[in-house]
Structure formats: structure tokens, C-alpha cells
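K.L.:
Spelled out, the chains give:
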Amino acid sequence: MTIDEIQQEIIDDFAGFEDWMDKYSLLIELGNEMAPIDVQYKVDENLIRGCQSRVWLHQEYIDGKISFVAESDALIVKGLVALLLKIYSGRTPQEILTSEPRFIDEIGLRQHLSPTRSNGLLAMVKQMKLYALAYEKISTKNN
Amino acid sequence: MSFDLLNIRKDFPILDQKVNGKSLVYLDNAATSQRPVQVIERMNEFSLKTNGNIHRATHTFANKTTEAFEQAREIVRSHLNAAETAEIIFTHGTTESINLVAHSFGNAFIHEGDEVIVTEMEHHANIVPWQMMCERKGAKLNVLPFNAKGELSIDLLDGLITEKTKIIAVTHVSNVLGTVNPIATIIEMAHLKNVPVLIDGAQGAPHFQIDVQTLDCDFYAFSGHKLYGPTGSGVLYGKRKWLDQMPPFLGGGEMIDRVTFGKTTFNEIPYKFEAGTPNYVGAIGLAAAISYLESLDHTLVLKHEQNLLQFASEKLKTINGLTIYGEANEKAGVLSFNIEGIHPFDLGTLLDQLGIAVRTGRLCADPIMDHFEVENMVRSSFAFYNTMEEVEVFYQALIRLKAMF
Ligand SMILES: Cc1ncc(COP(=O)(O)O)c(C=O)c1O
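Going down the list, the protein sequences come from chains A and R. When the letters of the first sequence are read in order and numbered with the numbering used here, they come out as residues 1 to 143. When the letters of the second sequence are read in order and numbered with the numbering used here, they come out as residues 1 to 405.
FYI, nobody ran anything at the bench for these hints, they're computed from the structure. None of the values given here were measured: they were computed from a predicted structure. Glycine residues also receive a C-beta, built at the ideal position from the N, C-alpha and C atoms. One should not assume that every hint holds.
With beta-carbon atoms standing in for the labels, derived distance ranges [said to hold, decoys possible]:
1) Phe311(R) to Arg110(A): 50 to 58 Å
2) Asn329(R) to Arg110(A): 29 to 37 Å
3) Gly252(R) to Arg110(A): 41 to 49 Å
4) Arg110(A) to Asp16(R): 22 to 30 Å
5) Thr387(R) to Ile11(A): 18 to 26 Å
6) Gln111(A) to Asp16(R): 21 to 29 Å
Distance condition first, Cα-Cα at most 30 Å in a straight line; then the derived BS3-like pairs of lysine-lysine [as the list claims (entries may be wrong)]:
7) Lys86(A) to Lys402(R)
8) Lys241(R) to Lys140(R)
9) Lys23(A) to Lys18(R)
10) Lys241(R) to Lys23(A)
11) Lys23(A) to Lys137(R)
Heads up, incomplete: computed chain A residues facing chain R, CB under 7 Å, no partners named [said to hold, decoys possible]:
12) Glu18
13) Trp20
14) Ser25
15) Ser53
16) Ala74
17) Leu75
18) Ile76
19) Ser89
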């Protein structure tokens, strides 16, 4: 599936919920289900400073694709992180650079990506794109 | 003078709103309080009819503005019962007031090897300016700790005050723990050893009537925006004997007596410390807020605030897994807590969905977070315009949200 197809799937999953509490409950559930990040990656270098909720992001570049693992100490943020990983992990730099996480807006949780929210999510998206940009440069240099 | 909550709430139309489809419950008063229409109208009227720069011209608007600004100073003086208006300096808020003292008092009186005492429960605004000054001067910052209940370990204070101690800076009310500190005792102990005391009144002034002469504090700092007044306004009260000896903080217009390129002589207090065009609209608004407060029966206001705090504490204590931070015998306005297994950020986000505004995070008090070994807290804080029903709504919301985790 393409990034966009996965996003559409998420949007459809959330579309069924009328009540905001159900949406948040699902995010909390996703957060709870998420496998914890390996402790060796839960280090300061991987910490995305988002003020209130902390997000750790680790990546590896394998066969032209970037795989991400991440975690947050806040459950709602963790749920959103899980969705971001579902979309962006295992993609080529090109794919990551050319798609925006529009699903967050469309499932009605836009406020979580606003720069005024100090939850680290926006910073996480930026960081993933920075990695993509860096690897894209490396791969074009090598070619 | 009276205290009629229904009528009082009419003075705060901002409270009568829906947020995320729910009736707003504003419990973030320690961060900033709401302003009554009397304050907003006074500031609007001034801006619509009178604006002119103060102390600088002979035209009518300038004169009227100067008059209003100096009237505001007198209202503050009278509210604090300061000995003279010259001891009232208008600043942009508590932070600037403390920085002013740390800088100017520090320059005049603090030398290498000297000591300054702060407490473990200070807001960063009453730590960092002292730290910066100590670094500049090669002085040492000593810290008075607090105990498990969140009360200052007063018994340790006497031992902490040495011949090198030049000033003690302590908060009146903790913005995290809600503790009302025994500032009169602290001041008395300090004065026995000739050490002056600065009180950070950011959270104290909104709840208590301060008499700086009875209290005998050397400095008292507070912000307008936490006292039902506008942002960007604030006060530093200082005893003349200190202010006269302190060099200016900022240089510029109004604070000078005569400038030549060789040497500048400075104006008298308070102008010496009010460089540049001050936020006179803010000062006028702050004075209007004080007048508003003075129109209420303070005893009843305080009693209602205490009832809110007590009711909230009793209710929240019944919630399983909820820890309250700060259980001092004397508290005011603030109730901070965590619920086991729920990140404050999540709780704050969900409460907002229910129209309830609280503060979450580190509350500008890292040392308190470290003391309790937590990363964040949730803080609810109450003002006299809050109702018991709102506390009940808050409690019910916590119960409901807790079930989601
Ligand atoms: C105890 C205390 N001191 C100082 C401050 C700083 O006040 P301001 O930001 O208005 O300068 C605050 C505000 O949060 C406070 O609660």
C-alpha cells in the first residue's frame, strides 16, 4: 500500500466515531498496544524535545528504506506516534519527503499538530523528514 | 461591600462561554486570571479618550495620562499600605521586578563570596535572576528545602543565614504546592541578622491583603495579570532605604536627571527604575483591578476561595491512584496532582475536550518536580469567581476520564 492508501485507511477507521471520546479511546488503545521501544534507543540523543510529552525516535536506513521506531510517555501522543510509524516507517526518503500526515487533520485531531502544542508530534514529523532528506542526499551522491 | 457570586460572574463575561461545546470551567487562574469588565472598560476608555505619553509634554492628553498613571501608583501604594508612592515601581510583571532587584541590589550590595538564600519551592522567576547575579558576582546561592507536606523547613533557616548572607528571596504562596509560607516569621528572623527579604507575591497578592509596613518586607513583587489586571503590568514595592542606594536597572529616558556624554545623573525613585515609556495603560488597568478587588468583601472572598480549595481537595482525594502534591496546613488557590498511569498531558488534553482548563507540565518549577521525582503535574487553581458546581464538574470529569485508561 502507498502512504496515501494507509492514510485513507486510518481516516476510514476513525470516520465511524461520532464522539470525540471514542476517538481518544482508540488512540489510547493504539498507544497501549504499541510495543515499547528498545531501552537502548530510549536515550537523550533520540529524544525529541516537545516540552510536555517526551517522544523518542530512532531510525535505521536499510536497503534504501528508513525504518523508524518511536515511543512517547503520554498515551494519546503514543497513539498518534503509532499511526505516524504505520505511515512512514519502511518507506523510501522520497516517499517520506513528498507526503504530509493529512490524516491527523482529517480525523479531527489537527490541534495535535499545531506548532502551539508542545507535544513533540510536529517536531517528530519534522525530524523524520530531516532524516529522509539526509538519506536522500547520501543516496543521490552514491548514485 | 458584599460577595454575590452570581453578580460577580456577570463582571467576567469571558467565563460564560462554551469551549469544545461544553460550558467553560476555568481552573488555570494561577497562570493568568480573567479580567472584570471594569478593568477592560477603564483601559478602553483611556485608550479611546486620553492617551498621551507621560511626564513629557504640556498638552492636555499628556497631563491627563500622567495624572492617571500617578493615581494608579497611589492606588497600589494604598492597597499595599506602603509608606510613600515613591516606593511603588511599575514593571512588566513579577519576573521583571525580581530581575530588577537581583541586578540592582546585587550590583550595590553583593560581592564575591557573599550568599543569597532562595527556597526549594521557588518559581524559576525567583531562582534564575539570582543565579545569574551570583554567577556574575562570584556569590553563592543557598537553598532552604521543604518537607514532605510541602512546607518550608523553617527550623533550618537560622542556620542557613550567615554573616555572608545578603538577601533572602522567598515566595509568598507556591505556584505548585499552594503552600502559604510564614513570610512574617521569615522576615523577622532575617531582620534579626540584618538581612533584607524579597517576597515573590505573584501567587500571594491575588489572595491576600498585603500590608508591607506591618509585614516589614524589604521588597514585594507581583504581576497584574494574575490579579485580575492586564498582562504586561506589574509592581515592585521596595523600601526607600534600599531603592535609594540601588543603581538603575535599565538606562534610557525618564530615569535620568541630566545626561552629558561625560556623565549622567539619575532621577529620583521611583522614576530611576522606570526607564523608557512604561506600560501606563497596563498600570491604569492594574489599578482598576485593585479597585475592583477592594470593592468586594475581602473576608468573604478569601473564605469562598478557601472553600473551593478545600472542597476540591476532599473530592480529589477520594479518587483512587490520585496523588496531591502539597498538603501544607495553610494553602491558597492551588491544587496540583497526578493520577497514576495517566500522563498529565493526556489528562489536560481530555479535560480541555470537556471545556475544563487546567495547567499541565513542569509549572516553571523544576526543583519541585525533582523533589517529588515526577516529570510533570496537573495543576488546578481557583479564583473567587469559580463555583462549587465547577469543582463538582471537574471532579466528575476526572472520574469519567480515568475510566478511559
Ligand atoms: C510564584 C511565581 N513567581 C513568579 C511568576 C512569574 O510571573 P510573570 O510571568 O507574570 O512575570 C509566577 C508566574 O507564573 C509565579 O507563579
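K.L.:
It remains to establish, for every hint, whether it holds in the given structure.
P.N.:
Now for the hints, and whether the structure bears them out:
| no. | hint | verdict |
| --- | --- | --- |
| 1 | Phe311(R) to Arg110(A): 50 to 58 Å | violated (36 Å) |
| 2 | Asn329(R) to Arg110(A): 29 to 37 Å | violated (46 Å) |
| 3 | Gly252(R) to Arg110(A): 41 to 49 Å | holds (44 Å) |
| 4 | Arg110(A) to Asp16(R): 22 to 30 Å | holds (27 Å) |
| 5 | Thr387(R) to Ile11(A): 18 to 26 Å | violated (40 Å) |
| 6 | Gln111(A) to Asp16(R): 21 to 29 Å | holds (23 Å) |
| 7 | Lys86(A) to Lys402(R) | holds (27 Å) |
| 8 | Lys241(R) to Lys140(R) | holds (24 Å) |
| 9 | Lys23(A) to Lys18(R) | holds (21 Å) |
| 10 | Lys241(R) to Lys23(A) | violated (62 Å) |
| 11 | Lys23(A) to Lys137(R) | violated (55 Å) |
| 12 | Glu18 | violated (12 Å) |
| 13 | Trp20 | holds (5 Å) |
| 14 | Ser25 | holds (6 Å) |
| 15 | Ser53 | holds (4 Å) |
| 16 | Ala74 | holds (4 Å) |
| 17 | Leu75 | holds (5 Å) |
| 18 | Ile76 | holds (5 Å) |
| 19 | Ser89 | violated (23 Å) |
Taken one by one, the earlier hints fail for this structure at numbers 1, 2, 5, 10, 11, 12 and 19, listed in ascending order.
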